[in-house]
Amino acid sequence: MKIICFHEKSFTILNTETEFRVFTLMGPNPKMKREFPDSTRSSPFPDEVLERVLSLLQSPKDRSAVSLVCKDWYNAESWSRTHVFIGNCYSVSPEIVARRFPIIKSVTLKGKPRFSDFNLVPENWGADVHPWLVVFATKYPFLEELRLKRMVVSDESLEFLAVNFPNFKVLSLFSCDGFSTDGLAAIATHCKSLTQLDIQENGIEDKSGGWLSCFPENFTSLEVLNFANLNTDVNFDALEKLVSRCKSLKVLKVNKSVSLENLQRLLVCAPRLTELGTGSFMPELTGRQYAELETAFNQCKNLNTLSGLWEATALYLPVLYPICSSLTFLNLSYTFLQSLELASLLRQCPRLRRLWVLDTVGDKGLEAVGSNCPLLEELRVFPADPFDEEIIHGVTEAGLVAVSYGCRRLHYVLYFCRQMTNAAVATIVQNCPDFTHFRLCIMNPGQPDYLTNEPMDEAFGAVVRTCTKLQRLSVSGLLTDLTFKYIGQYAKNLETLSVAFAGSSDRGMQCVLEGCTKLRKLEIRDCPFGNVALLSGLEKYESMRSLWMSACNVTMNGCRLLAREMPRLNVEVMKEDGSDDSQADKVYVYRSVAGPRRDAPPCVLTLSGL
Amino acid sequence: MEGGVAYENDLNLKETELRLGLPGTGSTIEKGVSGARNNKRPLPETREEGGANGKPDAQHDDQENAPAPKAQIVGWPPIRSYRKNSLQPKKAEAEAAAGMYVKVSMDGAPYLRKIDLTVYKGYPELLRALENMFKLTIGEYSEREGYKGSEYAPTYEDKDGDWMLVGDVPWDMFLSSCKKLRIIKGSEAIGLGCGA
Chain A
0 MKIICFHEKS FTILNTETEF RVFTLMGPNP KMKREFPDST RSSPFPDEVL ERVLSLLQSP
60 KDRSAVSLVC KDWYNAESWS RTHVFIGNCY SVSPEIVARR FPIIKSVTLK GKPRFSDFNL
120 VPENWGADVH PWLVVFATKY PFLEELRLKR MVVSDESLEF LAVNFPNFKV LSLFSCDGFS
180 TDGLAAIATH CKSLTQLDIQ ENGIEDKSGG WLSCFPENFT SLEVLNFANL NTDVNFDALE
240 KLVSRCKSLK VLKVNKSVSL ENLQRLLVCA PRLTELGTGS FMPELTGRQY AELETAFNQC
300 KNLNTLSGLW EATALYLPVL YPICSSLTFL NLSYTFLQSL ELASLLRQCP RLRRLWVLDT
360 VGDKGLEAVG SNCPLLEELR VFPADPFDEE IIHGVTEAGL VAVSYGCRRL HYVLYFCRQM
420 TNAAVATIVQ NCPDFTHFRL CIMNPGQPDY LTNEPMDEAF GAVVRTCTKL QRLSVSGLLT
480 DLTFKYIGQY AKNLETLSVA FAGSSDRGMQ CVLEGCTKLR KLEIRDCPFG NVALLSGLEK
540 YESMRSLWMS ACNVTMNGCR LLAREMPRLN VEVMKEDGSD DSQADKVYVY RSVAGPRRDA
600 PPCVLTLSGL
Chain B
0 MEGGVAYEND LNLKETELRL GLPGTGSTIE KGVSGARNNK RPLPETREEG GANGKPDAQH
60 DDQENAPAPK AQIVGWPPIR SYRKNSLQPK KAEAEAAAGM YVKVSMDGAP YLRKIDLTVY
120 KGYPELLRAL ENMFKLTIGE YSEREGYKGS EYAPTYEDKD GDWMLVGDVP WDMFLSSCKK
180 LRIIKGSEAI GLGCGA
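One line per chain: the protein sequences are A and B, in this order. Be aware that the first sequence starts at 0, since it is given in numbering that gives the first Met the number 0, and climbs by one per residue. Be aware that the second sequence starts at 0, since it is given in numbering that gives the first Met the number 0, and climbs by one per residue.
Hints are computed from structural coordinates only; laboratory data are not their basis. Since the model is a prediction, treat every value here as computed from it, not as a measurement. Ideal Cβ positions, reconstructed from N, Cα and C, are used throughout, including at glycine. It is possible that some hints are incorrect.
[Stated by the list, open to error] With a straight-line cut-off of 25 Å between C-alpha atoms, the simulated SDA-like cross-links for lysine to any residue are:
| hint | chain 1 | residue 1 | chain 2 | residue 2 |
| --- | --- | --- | --- | --- |
| 1 | A | K574 | B | V73 |
| 2 | B | K158 | A | Q337 |
| 3 | B | K158 | A | W309 |
| 4 | B | K83 | A | S332 |
| 5 | A | K520 | B | V73 |
| 6 | A | K539 | A | S92 |
| 7 | A | K363 | B | G74 |
| 8 | B | K83 | A | L413 |
| 9 | A | K148 | B | G74 |
| 10 | A | K574 | B | G74 |
| 11 | A | K517 | A | V531 |
[Unchecked claim] Some chain B residues flagged as far from chain A (calculated, every beta-carbon gap over 12 Å):
| hint | residue |
| --- | --- |
| 12 | K102 |
| 13 | G107 |
| 14 | E130 |
| 15 | M132 |
| 16 | F133 |
| 17 | K134 |
| 18 | E142 |
| 19 | K158 |
| 20 | D167 |
| 21 | G185 |
[Claimed, not checked] Okay, the calculated beta carbon distance ranges per label pair:
| hint | chain 1 | residue 1 | chain 2 | residue 2 | range |
| --- | --- | --- | --- | --- | --- |
| 22 | A | T285 | B | D159 | 50 to 56 Å |
| 23 | B | D159 | A | S207 | 41 to 47 Å |
| 24 | B | K179 | A | T451 | 39 to 45 Å |
| 25 | A | D46 | B | K83 | 50 to 56 Å |
| 26 | A | N123 | B | P123 | 34 to 40 Å |
| 27 | A | N123 | B | Y81 | 18 to 24 Å |
| 28 | B | K179 | A | F84 | 52 to 58 Å |
| 29 | B | I72 | A | S343 | 34 to 40 Å |
| 30 | A | P270 | B | I72 | 44 to 50 Å |
| 31 | B | I72 | A | P373 | 34 to 40 Å |
| 32 | B | Y100 | A | T451 | 54 to 60 Å |
In isolation and in its complexed conformation, chain B is listed as follows:
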């Protein structure tokens, strides 16, 4: 997600705290919210007393540092092969078939399109793809302003049936909650940006 540049004219947003940060740091703070659950422990070997990095009192990993992905341990978690094999392809199927293909509509366009969200690594790529697909410009996202100044704004319907502005939540959360996309005219988007 592109970092926000503070605009001089404050719109009345629900998040009123001023934040100074370099472009691109916005996402770190959002990840922090969910950091508590990302409590990764090093493998037991690294906890030995003699270990160079030995920290006998286990701590949360620093929220800024995402630990390197662990190698999978044989036979752990203890799940029967049958269940493992039948769930993995199924999850992929479930994602491909049900969750990750979403319809995209655009105000004024006669046809809907369908895209596979898992193809994109993050918001910038998704937005560029939408721009290409519908031959329009969406512009820059900012937390405070949304897509102010853009001709169009991407919105999505989430699991609760609410219409949200694309970019408000972390990408992973967006992936698991997005039901469909709708590109609306920029003028309508201002309403979304004002504490909706």
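Only chain A is shown next, with the shape it has when bound in the complex:
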């Protein structure tokens, strides 16, 4: 939806995703003045109309823009917003959120810095969801949806959530930690209107699968169930009954404990699934069972997403063929497939848009991707053996080059490899200039172009020069300041940049801070950037969500200076055991309207301007 709003002197143009409508608010409406001569309103429309119009806006960015137009619009927007997205839980407090938005039904909340996924953040760092839930219980008792990423969630919090929000419908936990399957049992027991339960890649204490049996027998509202990453066995009988009675179930991702034989029974109960995560795909079926499974897949006409496939071997992959032609997203990132096996499967999947694989498929497997999937938009290749350098396998530059020739619509890549060349990357982006997300991980830190022995500067130069829509970039390999000069010069749409083991001097980071006008998240580790670089971004950090710098050359004094100059930034330092007193080992800087946080553990030093 494109809404063009004129209000007296200012106008905003908003982009949303639905149909085109034009509203013009052309200043004081003579008709209104006649009917309401005493009106001191600057807006010609009553609040209700304005709110109705604004309620059509979905994107948080559009809503932010609208709220800045004038006070009336700010209020109308606040009253019409039902979903709030908080990218950094410490940038604001739950009280402030509740004061501004009185009617919220859906909250998305992100906590720890992304590098916590790689064990770089101390465990007790914070991001506890509980204080938020306490405020929500009072202010948003009709809350329906909660989506958390990298938050600490305890069983008590889950139980609190389950009993205090009678309308609760959607729970999504991604990369969270602190809870066990007991918490899930509380959700299953109490949330009578639950439609979505999505538990992905969390640091969960997996005590037992009994939680699944806690859904009451009269509970039928589930539409999304994802427990693929839990390990313990669930009671299959309970699962089958649950799936049978939840007629609206569209997404079902089960865990390894569900065998192929049992999968067949689930598919028979739920042929209308659009997304399926299988359990174990160990080839243990009789001939008749195999045929039954094939038939069951044949009945699933709506499947567009497939994942799971643990222990799948070439032997049984053909059972998937009936659904392959309609697949748009195939996640094989937990399946050890070789190139030929992947090729056979992909020949059946011409409509694939998103593919996740392990690097066991090799360059040959990726050639098959290029040959068979012309509609591919996203490719992620994960390493099967990231820590073993002795084994010669995985993918090389040749694989991604092959994909780029066949998949011209590719715009998202995450690629773990052990060798790369500047020329290959240049070819790849020439073939696919529409990249929005380019995440390349050459696994050996600081490795140069293996053919020319030069730094990989020109590779990333080609990326930023060619891919004008680039929003997210992860760099790797041997890189000098030149890479960052290129990034600052060309990457004008870049929002997220991840840097590791790269750069030669402060100048590198400075170029990025000076040049990347839309930068929101900058995460840096093990680079020779120091105080000069840190302080060059003084005025920029308030327009960003956050900055992370670890194992760089920043000192405590540099951080103190930053904190003093920029009181609206929270500057936090985490020190490592045994490091020099003056070194700021890990620095996390973020804007906040809530002030320094009060729940920081001892290992996190909050530097204030005082």
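Fit chain B to the known structure of chain A by using the hints.
The following block gives chain B in isolation, referenced to the frame of chain A:
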């Protein structure tokens, strides 16, 4: 792998180049083929200008020198803990269950045996184990002659379905491609040794 001793009678092998080398040097040359991919870089610290070993122009490591194994860097490569934890044991399981246990048959023997290839560090140990298991002698391997002169020769079926002579390829490559083993009579092995 035991080094080859050049026999006077040349058999017509696909590799006809003469190589003079001390026993045990054969393996170095084979590793060289794959050396290009073993491009290990020293840690960034050692590349500082002031470093004693500073070689500002990065080079391939000398193929003869295997660099010391690096200490694992925290949080690198950047893979989520969940994925790390679920892949590592799985790989070990996959190896134990599917890839590394291979059947061993011997011509004339009524039963098959099964061995775990990961238990052995290299060809000599594997061959000794087979000799013990089947109470036979396999003898010395040579690149040119195979197991000529031995009563038996170990062969294996690789991923492409071809029957190969055990010892022809580097151990790692053998591990990843061996599907099953078969010990054949020495007389049949001569056929394998002749450019098959």
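Here is what the structure says about each hint:
1. Annotation: proposed proximity of K574/A to V73/B holds, straight-line Cα distance about 15 Å (limit 25 Å).
2. Proximity of K158/B to Q337/A is assessed by CA-CA distance (about 11 Å); at most 25 Å being required, the pair is judged to hold.
3. For a cut-off of 25 Å, the pair hint linking K158/B to W309/A stands: about 21 Å separates their Cα positions.
4. For the proposed pair K83/B and S332/A, the alpha carbon gap of about 12 Å is at most 25 Å, so the pair holds.
5. Between the alpha carbons of K520/A and V73/B the distance comes to roughly 21 Å, so the proposed pair stays at or under 25 Å and holds.
6. Between K539/A and S92/A the alpha-carbon distance is near 22 Å, which keeps this suggested pair within the 25 Å criterion.
7. Proposed proximity of K363/A and G74/B is contradicted: the alpha carbons are some 29 Å apart, above 25 Å.
8. Of the pairs offered as hints, the one joining K83/B and L413/A holds, with about 16 Å between alpha carbons and a cut-off of 25 Å not exceeded.
9. Annotation: proposed proximity of K148/A to G74/B holds, straight-line Cα distance about 19 Å (limit 25 Å).
10. Taking the CA atoms of K574/A and G74/B, the gap is about 17 Å. The hint holds against a cut of 25 Å.
11. Proposed proximity of K517/A and V531/A is supported: the alpha carbons are some 21 Å apart, at most 25 Å.
12. Every CB of chain A is more than 12 Å from the CB of K102/B (nearest about 17 Å), matching its label as outside the interface.
13. Here G107/B stays apart from chain A, with its beta-carbon at least about 31 Å from theirs, past the 12 Å limit.
14. The claim that E130/B lies off the interface holds: its Cβ sits roughly 28 Å from the closest Cβ of chain A, which is beyond the 12 Å cut-off.
15. The claim that M132/B is not at the interface with chain A holds, since no C-beta of that chain comes within 12 Å of its own (minimum 27 Å).
16. Against the 12 Å criterion, F133/B stays outside the reach of chain A, whose nearest CB is about 30 Å from its own CB.
17. Non-interface status of K134/B relative to chain A is upheld: no Cβ of that chain comes within 12 Å, the nearest being about 34 Å off.
18. Even its closest Cβ contact with chain A, about 21 Å, leaves E142/B beyond 12 Å, as expected for a residue assigned away from the interface.
19. In this structure K158/B is not separated from chain A by more than 12 Å, as the shortest Cβ-Cβ distance comes to only about 8 Å.
20. Non-interface status of D167/B relative to chain A is upheld: no Cβ of that chain comes within 12 Å, the nearest being about 17 Å off.
21. Against the 12 Å criterion, G185/B stays outside the reach of chain A, whose nearest CB is about 33 Å from its own CB.
22. A hinted range of 50 to 56 Å for the beta carbons of T285/A and D159/B is inconsistent with their spacing of about 30 Å.
23. Separated by about 45 Å at the C-beta atoms, D159/B and S207/A satisfy the suggested range of 41 to 47 Å.
24. Checked against the hint of 39 to 45 Å, the pair K179/B and T451/A passes, with Cβ atoms roughly 43 Å apart.
25. Between D46/A and K83/B the CB atoms are about 53 Å apart, so this pair conforms to the stated range of 50 to 56 Å.
26. Distance hint for N123/A and P123/B: a CB-CB separation of about 52 Å, inconsistent with the stated range 34 to 40 Å.
27. The beta-carbon spacing between N123/A and Y81/B, approximately 20 Å, falls within the hinted interval of 18 to 24 Å.
28. Checked against the hint of 52 to 58 Å, the pair K179/B and F84/A passes, with Cβ atoms roughly 56 Å apart.
29. About 37 Å separates the C-beta atoms of I72/B and S343/A, a value consistent with the hinted range of 34 to 40 Å.
30. Against the hinted window of 44 to 50 Å, the Cβ-Cβ separation of P270/A and I72/B comes to about 48 Å, which satisfies the hint.
31. Range check, I72/B to P373/A: Cβ separation about 38 Å, and the 34 to 40 Å hint holds.
32. For the hinted restraint 54 to 60 Å between Y100/B and T451/A, the CB-CB distance of approximately 43 Å leaves it violated.
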